Structure formats: structure tokens, C-alpha cells
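Participant: With the hints as constraints, model all of the structure from the sequences given.
Single-letter residue listing:
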Amino acid sequence: MSDVDFTAVGLVQPWVEPPEIELVLEAVLFAASEPVPMKDLLAACAFGEEDAAGRPEVEAALARLSAHYRDRSIELVRSAGGYRFRVRQQFSTQVQAAQPERPQRLSRALLETLAIIAYRQPVTRAEIEDIRGVAVSTQIMRTLTERGWVHVVGHKEVPGRPGLYATTRVFLDDLGLGRLDELPPLDALRELVDLPGEDVGGLPRREGGDEDRDAGDEPSSRD
Amino acid sequence: MSDVDFTAVGLVQPWVEPPEIELVLEAVLFAASEPVPMKDLLAACAFGEEDAAGRPEVEAALARLSAHYRDRSIELVRSAGGYRFRVRQQFSTQVQAAQPERPQRLSRALLETLAIIAYRQPVTRAEIEDIRGVAVSTQIMRTLTERGWVHVVGHKEVPGRPGLYATTRVFLDDLGLGRLDELPPLDALRELVDLPGEDVGGLPRREGGDEDRDAGDEPSSRD
Amino acid sequence: MTEAEVLEEEPATDEVEWSCRVHGSPLGELPADLYIPPDALEVFLESFEGPLDLLLYLIRRQNLDILSIPIAEITRQYMAYIDVMQALRLELAGEYLVMAALLAEIKSRMLLPRPPAATDEEDDPRLALIRQLQEYERFKAAAERLDAMPRLERDVFHAHAARDALLAPPAPAPALEELLDALVGVLRRASLRAHHQISAEALSVRERMARILETLEHEVFVDFVNLLTVEEGRPGVVVAFLAVLELSKAGLLEWGQGEAFGPIQVRRRAPAPIEE
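Chains as they are written, first to last, in the working numbering: chain A, -16 to 206; chain B, -16 to 206; chain C, 86 to 361.
It cannot be assumed that every hint is accurate.
Stated by the list, open to error - Not everything, but these chain B residues come out facing chain C in the computed CB check (under 10 Å):
1) Arg71
2) Glu95
3) Asp113
Rather than coming from a laboratory, the hints here were simulated on the basis of the structure.
Computed from a predicted model, the values in this text were never measured in an experiment.
We put the CB at the ideal spot given by N, CA and C, even for glycine.
Facilitator: See below:
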């Protein structure tokens, strides 16, 4: 093995062993690539899921662990999926500097689609297209699915049984959210007041006329 | 944000701020998913790659960082690709308990290597490579040895004295074989290879009496 | 937008009559209130997420409230954009044309007198469009806020450590068929490289070679005959004998005879000093 163990380099200090449970949780949290749910943390500490003693003990150890990292560059946080360590945001710039590849920007089309799914879920693709006023490309739906942000949670009982999309736990985790309602609220729909009449091309607007309105359906009227 | 900031929970201790460079390196190493080469570490610390002062300073900070984690569940290691944190091996059981990993599949390359050792033992790595037509990775040989399926039974008296590999009792047991010659004879396999119409190049076929085969136990004779 | 710039409002002369001949006539034939640099058109198309987005842009540009859009004016401007794009033969998503038709319809309906009883909101043809615009605008804003939120792997980084030091559960032993399948693959490849040959040697001899090597040490001579196990019967003895010969041929064994006519002894050849 070519790995150099740096502990050999360190100064010899009096050994103060941290409590085992804290180290176990630390190991599990660092080893995971996603937030770790409480039940997995309990399992690591050999607590059954229904073990009444386990939860408070694990939570106390998590608090100690978090305190241990108070002065460091990372912090212990909880989001929808569970607990995880993350780099404190004040170090983001340096982390980005060390990463040669910049993450891709998300297109507006993708973000709008994602927003509609997030706020309107469960929603069909046709409903998304209704709101956006344009077709939603298959590419966008695939990208969202592959990133694990949306998934099909059912099918609408209409002809064709289109899939109903919803956001996932990964979506919440990636935004550091615990629950969906922690998303910033959607702008309120304003009440429509009386629309002012307007001059639509030189002709005075006629009030109270009773002519045949069907004539207005002419689609080609350009003037 | 729903993130719980655990630092609030921690005890208030006198603040001893670790040097900034150490924290930056810590952040970068924790954020990376692969070993971080020195040049990326230098970039994170805003050192140019040719900056003479950068390297020793970064190395000193890495040593301090490593010492800091001496009693923790992770260790700072250096390998060919660079530096990274990894979870210490003694926490294997607990990490597995929390998030079991699926058993790895045996790679094609590994199976081929194992098959060649089984049929051609004792055989050197160079000979295996000759037959496979590609290099055999050290990782594969290590895995085969660690699994207890092959071992070095001697050294070939040629320059460099390469190890001669052979299969073990464990290999036979794991395959459910009593003896090595219960493996199907190579000739039978060659029949499979020599499919009609296929160009089989220079593979010599042995006709008639296989003296040394006859000398041995008939492979099929399972007592 | 880089930008489809519109010069200040000037009563449109007549938007129906102008035409745009890009390769021939100058762009001066465009209506005075509409100037789009030709190279900006591609950008233009990519800049809008659809007709609703374009309409919102037109409305916002004039600091108008969605709730009270002057349909005639907006329609006029919208049509102007569409006409330019069509004149330039830019491929236009069908939705843009559908919207154009809708706007035209609304406008024409507004020209008509409304029945006295139908003066309430429900009857205003602009309402459905306004609702749609408002709805779209909410999600457009939500999308921007979503994008501004700290996001994993862009602004926020998960802290993790490699787990390769951890013992992964071992792979199950290969099935015999898997092993044979792998070997067949090798043989097939080897046969294509004609100069490589695998001769089929008796496994038993090879195995015995390995076993003998294991038992021998280089410090200790053992009697050659001890390597032959009589209990295995003739074939066994022959196999062992062949194995010893093979090993000898490979230079792995050293022979000795303590005394004349004494037992023939064999040991593993001492490791040679490493040299080239």
C-alpha cells in the first residue's frame, strides 16, 4: 500500500479517547454519500429501531459530535433524508477553486419545470406544459429524473394514464430542506380588478351594444 | 432552512481558531470524491503551482490536519492520486451495519486470471499476461490472494525471480471441487472454442494419445 | 437578452404592410419601433421560454401591470416579433403561432360590442390570458428563487470520506461455469493472436507441481521417493514423477545424493541473489 499514514507524523499527545458511540456515528456519517436516516445510525450503534434507549443516546452523541466540529470547516446538519456533514458555506469558494470542473448551470426551462413539479405535485407533463405555454422536452424530464429530483408517483386516471410527477427526498436534501413546505412560498395570485376598457385600434368601444358576438371569433382579424 | 445547527447545542468553550489554511484544506478534502492532487490543494489556498512557498506550507498544514484526526474515525492518507480522508478500517462493522454494501461482483479480468492460474499452475504473472494479452493488475492479484484462492508457491528462476502462483485448497472448496483435476479438461473447453467455421488461428490441437493426461487420473473419474 | 431593443413608442404606421427582406433591402423597412439586430434573433429565440415568456417580457418592458395589459398594443408588438422571425425564416415553435392567433382573437372580440348583461369579468376575453400569464410568472419567479437557493455540489458540499479501507463484503465464489466461461473467453482471444499457444497439459501434473513446491523448502533435502505417494497407485506415482521432472526442467529444484547409491534427494533451489 502506498498510502502514507500521517498520524505517524503528528506529535505524540496524551490520548483522550472520544466515546466510542461518537466515533461510530462519525464514521458512518463520513462513509455515507447521502444523508443518513436515524434508523441507520441506530443500527450502527447496535440499537434496534424500537430501542427506547437508543434514540436519546444517539442524539446526545450527535450533539457532542457537532460541538466537536464547531471550529472546523464542516458542520453536521439534518435535512429530509437524515444527518450529514457538509462543508461550511464560507469555504465554498476555496472548494470550488480546487475543483477544476464547474458544475453545469441548469437551464431556465429545466428550473421552471422543476418549480412547477415542486409546487404543484403531483402533476402531469401536460399540466406542466399548460402552465409554461410550451412543450416540455423529454430531455428535461429525463435530466430531472436522472438527478433523482423527480419521479413518477402514480398515473392520472384519464385517457392515456399519464404519469404524475412529484419531487423526491433527494431534491429536498440537495437544497438542504427538511420538508417541502420549507420552499419559499409561491407569489400570491393577485385578485383581478375591473379591467379598464381600452382602445383597440381606433374604434370606439361600444357599450351596451347587442350585436352578434360570434362575429368576433374571426381568427384572422389583424387590424 | 431546516438545517439544525448543532453548534448551538454544544458547550461553550474558549475559542481557539485553527489556522485558516488547515481549515481550507480540510474543507477541500472533505468535499472531494476522489484523491485531491497537490496542485488542486495549492489552488484552493491561492498558491500558484510554481509558488515555492506554497508546497511546504500546505504540507505542514496537512501534517497538522492529520494529527488533529489522530483520535477520530477517519484518517488522512496519501496515495498516488493525491490526498484524501478515509474511514478507518476498525469501523467497518458499524458502517456495514448502518448501510450495508452489496457484495462486489467478480470482474471478468479477475475470473480470467483465476481460470488461467487454475489451469496453468504454477504460473507467473507475466505468463498470465501473455495468455490474456493484457496486463494483470496488482489489485486483481491482491484480491485473489486475499480471498485465499491463490498463493505463491515458489519463484521462477529467471531474472527477477517472479512468484509462481497456484490455486489453494480454499479455491477447491469454494468451487465445490474435491481435486483440481475435477475441473473439466482443457481439451473439452477447446472444443467449445473451436466452433465450426471459426478461425482458431494457431491453436495446436493435440491428436490422439495425451500421454501425460493418460498418466494422470482421468479427470472425469470421480471416485 | 442581448437585446431585442425597441425604440420608443411611436404610433405604428401599419404593422401589416411592412415587409422584411433581409438579404436584399435594408432593415430600415422594419417598423420604427422595432429594431432587432439580425444576429440577436437566434439569441432571442433561445432567450424566451415560450410565448408566455415573450409576452411577459413585452409587458414588463413597458412597466405595465399584467392585470391591465393593453391588449391591442401588446398584440401589435407580439405580432411584430413574430413577423420578423418568420420573415427571417427562423424556425418558430408552434406555440408562438397559437398565441398569435389567440391574441388576434381577443383583440377582435374586444372590438365588438358586449351585451349589456355581460359586463362582468367572466366575459372579458382578456381574463383567461391574464390568469395564464400570472400563473406562469409565479412559477418563473419560483424557478429563479429555486436556482438561487444553495444547492448541493454547486454552493454546498457534502463532507465525506473514502470508504475503501472498509472491508466490503466479499464477492461470492465464482460458479464453475463462470470460471470456465472466462477461460473460454481467454482461449478465444488467445487463438486470435496466433503466436500464443496454450497447450493442454494434464492438470494433475500441474497441480502436483504446485503441491510439491509447497512442501519443499530450500534448506532441507528430502528423499525424492517421498514425493511419490505409493498409495495413489501407479497413475499417482507417474503424475508425481512427471511433476518433479517438470519442476526440474523449470530449474526450480536442486538434486543431491548424500553418498554413492544413497537416496536421491531433492530440495527447492535456493533463491538466487537478485540481479539482472
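Participant: Provide an ascending list of the numbers of those earlier hints which the structure does not satisfy.
Facilitator: none
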